[in-house]
Amino acid sequence: MRIGILYDIPRWEERNLIEEAKKLGHEVKLEYTKDSIFLTNERREQEIDVFIQRSVSHNKALLSSLVMESLNFTVINDYNTLIRCENKAITTFLLSKHNIPTPKTGIAFNPEKALELANKIGYPVVIKPIEGSWGRMVAKAQDEDTLRSYVEYQSYSIQKFRDSYYIQEYVNKPNRDIRIFVIGDEVPVGIYRVNDKNWRTNTALGAKAEPLKIDEELRELTLKVREVIGGFFLGVDIFEDKERGYIVDEVNGVPEYKNTVRVTGFNVSQFLIRKIEELIKK
Amino acid sequence: MVLLKCPVCNGEVQVEDDALPGEVVEHECGAQLEVVKEDGKMSLRLAEQIGEDWGE
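Top to bottom, those sequences are chains A and B. For the first sequence, this note's numbering assigns the number 1 to the initial residue and increments by one for each residue that follows. For the second sequence, this note's numbering assigns the number 1001 to the initial residue and increments by one for each residue that follows.
Here chain A stands alone, though its shape is the one from the complex:
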């Protein structure tokens, strides 16, 4: 198989993918999106069976997936999936429409309405950039006074969606959340992300990864998320609520998995490539 990897920063994951693909006897062609030029209807001479999208920048990921698909290449993940993952409002409202439990969430388009929305949800609330990552600028407001400040900061920020206020209930989860992976049609591995010091459980903010035992309910829920969001390789973030059980928070279309491999010993890259082999043979 000839595998193309679309990337902008070579992290551990991209290097590991290259290594595992080669070990399995595949050819790897790297496409460094940052210095590439993409033209409509451009005939590309290279023969690639599948592209794996690994760009850190959402914009580069989305557009380079779109371009490659327009040239009739198979791309994992496709741009439609990336749109549904990258914009948190799209993710949440789509999941909610399909009766997948999500935190109570709303969106408002001016500061006063954002405060009104928070009152409807009930404090404490969480305000997040609609497109953001690694937990950046995700803030918890205990009361209206605090939220008013956050809303004002957002309105004067340079965020792309600074006029869209995405506000969620604060889910009283334990000191951890779940990151679970969809690869092809399977849910083979996941981790807990534990943080005793910060309610935000992103590993980028210092949460510790611990192996997760996947129960049937979690597996089914994760596959249902995939039915709604699409895609072939997803990282799904799930909260555990004492009363309501599992609640889906976010879905990542270009997931990182270094810590998952480290604590579980599960070879994510190899599993992904094996599942792609099955896909291409079909």
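None of these hints come from the bench; they were simulated from the model. Computed from a predicted model, the values in this text were never measured in an experiment. Watch out, some of these pointers could steer you wrong.
With a straight-line cut-off of 27 Å between C-alpha atoms, the simulated DSS-like cross-links for lysine-lysine are [as the list claims (entries may be wrong)]:
#, chain 1, residue 1, chain 2, residue 2
1, A, Lys23, B, Lys1037
2, B, Lys1037, A, Lys29
3, A, Lys160, A, Lys34
4, B, Lys1041, A, Lys34
5, A, Lys242, A, Lys208
Since the structure of chain A is provided, determine the placement of chain B on it from the hints.
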């Protein structure tokens, strides 16, 4: 190893032969640099700051 010039201080920077385009190298002058490959030639430029749309 390949010996390259730091575009900030003009000092020497050692980079692995098999470095990939986009790889980030930190130079002793404090500059964060990224590897560029053009026509088979390797060079360095200032690395990008973390973008608003970066990450998962």
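These are the hints, each one checked on the structure:
1. A/Lys23 with B/Lys1037: 25 Å, holds
2. B/Lys1037 with A/Lys29: 15 Å, holds
3. A/Lys160 with A/Lys34: 20 Å, holds
4. B/Lys1041 with A/Lys34: 17 Å, holds
5. A/Lys242 with A/Lys208: Holds, at about 22 Å.
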